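Participant: In case you want the letters, here they are:
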Amino acid sequence: MSTKSNSQSSKNEGKRDFLIVSTYAMAGIGAASVAWPLIDQMNPAADTLALASTEVDLSSLEEGQSITVTWRGKPVFVRHRTPEEIKLAKEVSLDDMRHPEADEERVANEKFIVLVGVCTHLGCVPLGQKSGDVKGQYGGWFCPCHGSHYDHSGRIRKGPAPTNLEVPSYEFLSDNIIKIG
Amino acid sequence: MSKSKFKNPVVKWIDHRLPVFSFMDHELNHYPTPKNLNYFWNFGSLAGFALVTMIVTGIVLSMNYTAHVDYAFDSVERIMRDVNHGWLIRYIHMNGASFFFIVVYIHIFRGLYYGSYKAPRELLWILGVLILLLMMATAFMGYVLPWGQMSFWGATVITNLFSAIPVVGESIVTWLWGGFSVDNSTLNRFFSLHFVLPFVIVGVVILHLVALHRFGSNNPIGIDVKGTQDTIPFSPYYTIKDLFGLSVFLSLFAAAVFFFPNFMGHPDNYIEANPMVTPAHIVPEWYFLPFYAILRAIPDKLGGVLFMFGAIAVLFVLPWLDRSPVRSSQFRPIFKIFFWILLLDCILLGYLGAMPAEGIYVTLSRIATAYYFFHFLVLFPLLPYIEKTKPLPISISEPVLSGGSTASAFAAREKK
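Each protein sequence line maps, in turn, to chains U and L.
The first sequence: position 74 = 73 (numbering that gives the first Met the number 0), numbered continuously.
The second sequence: position 207 = 206 (numbering that gives the first Met the number 0), numbered continuously.
The hints are all genuine.
Here are the simulated BS3-like cross-link-like pairs (lysine-lysine), alpha carbons at most 30 Å apart as the crow flies:
(1) K34/L x K14/U
(2) K6/L x K10/U
(3) K240/L x K14/U
(4) K14/U x K6/L
Far from chain U, by Cβ distances over 10 Å, these chain L residues were calculated:
(5) F5
(6) P8
(7) P33
(8) N37
(9) L122
(10) L131
(11) T173
(12) I231
(13) P318
(14) L343
(15) M354
Honestly, the hints are just simulated from the structure, not real lab data.
No experiment lies behind these values; they were computed from the predicted model shown.
A virtual CB, placed ideally from N, CA and C, is assigned to each residue, including glycine.
Sequences are here, hints too, so could you generate the full structure?
Facilitator: Shown next, in the form of structure tokens:
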């Protein structure tokens, strides 16, 4: 605003500034509200979200056996652990672990370990589900992509992965049926 | 020169090396535009807006669409029910096609009324007709994608038009289909072409604009701009006028999208395609109806197809059919009357295209078709010999600034 202007013209300039700012603000709000549906359509659709949980029957899973189920398009490892594996998982010291978590925190029923079967390094599926697989130095799972070793609790013990294998949220619907997600 | 034009040092640095800012400033800001343009000159920028809307919503829809006969219909229903805001995006795309044609048809009739196709704007006009043809092809193939009953039978009927071509017709149709009927191969290629043709349209639109900016816009008086006194810069005068027109357009568009989204569609297209059953009454989308009426008016397969394509082909040679040196209908009393008859004729053809091909409708279609071609092929070349045109003003400014009836009327009002 110029110093020379009288009160009338500075009042008009103030009005004009207000009109310009409010016009741009409305245009901005309009543009954002048009852009949002175009962006949000890439988020999971209602039918995708409806498939977000999986039920698994564990009654036929014998001690020492593993199964892989699909949950949200990703593999989930379910292993019926042997007493020996449980003992190893529980007794190991957490001090030198990269991502220290007690085995008790990672299981609902210590016989069954449920893990998202995706390496926390760069997303490969670790080996260790089949009896002939390489299971790594700690006997759990081993990721062949970049050599991450996981133990019987799915904790990272060696290799580049930053964190333990993720435990999905799940609950026991009965003694033998779990619902993942 | 560019040193003084921009204050922002980054803009200045870039513009010195890559003069995009100078270009935009020249073509969109200072661009001298006749000062007497009316609201009919809004429809070019509205068409551009519609094209961008169609491309943006189309890209987004293609992220959720499956081009396969077994999944296409369901994937469109999934867009409508499950994809976040999918119903909105699809309704914008669906109604956007109709609004694009509304805007373009008004744009074309504007050109016809004010003689915008005449020298030196012949190529500008021809590029426009080319855009219309590309739009028709794109719209037709887009309508096939939801794979409803109208999609399927529309595709069948339109592709069968080519079977009218002597000798090679059948082979061409088989080639278009990639099989012996409209099937998965057809759907796949239509999806591919429906995706790519809009970008071809963008290319032709750019040429259309280059041709436009060579001589600038025509104007309601239709005489050439004589100098800077006849023009005003595009910004802010016409940017504001275009934005106002755009807000009116968007209000109507939003009303259609939110309150009558299926008004311009056919309920039959919400029934999945069934190659065994043709719907009782098949009609193309409204924007094809005048051409469809011409097709049905001719009692011969090849003849109908030729006349239908001829209805558009005649537009390509329009600049040479109309021999009158006067552009605007304002100074052509007889031409002006026939312009309105042509407009009514096209609306009548559109109505007849939607009616069943029987009884009085067939007779009327034939009369309307005959008039359409009479108008372009006989009236346009002959009228300049008969018609006495009104005297043209000396310049765009002249009717306002000096003499003339308008100025004296203005002076008379001043006295009161």
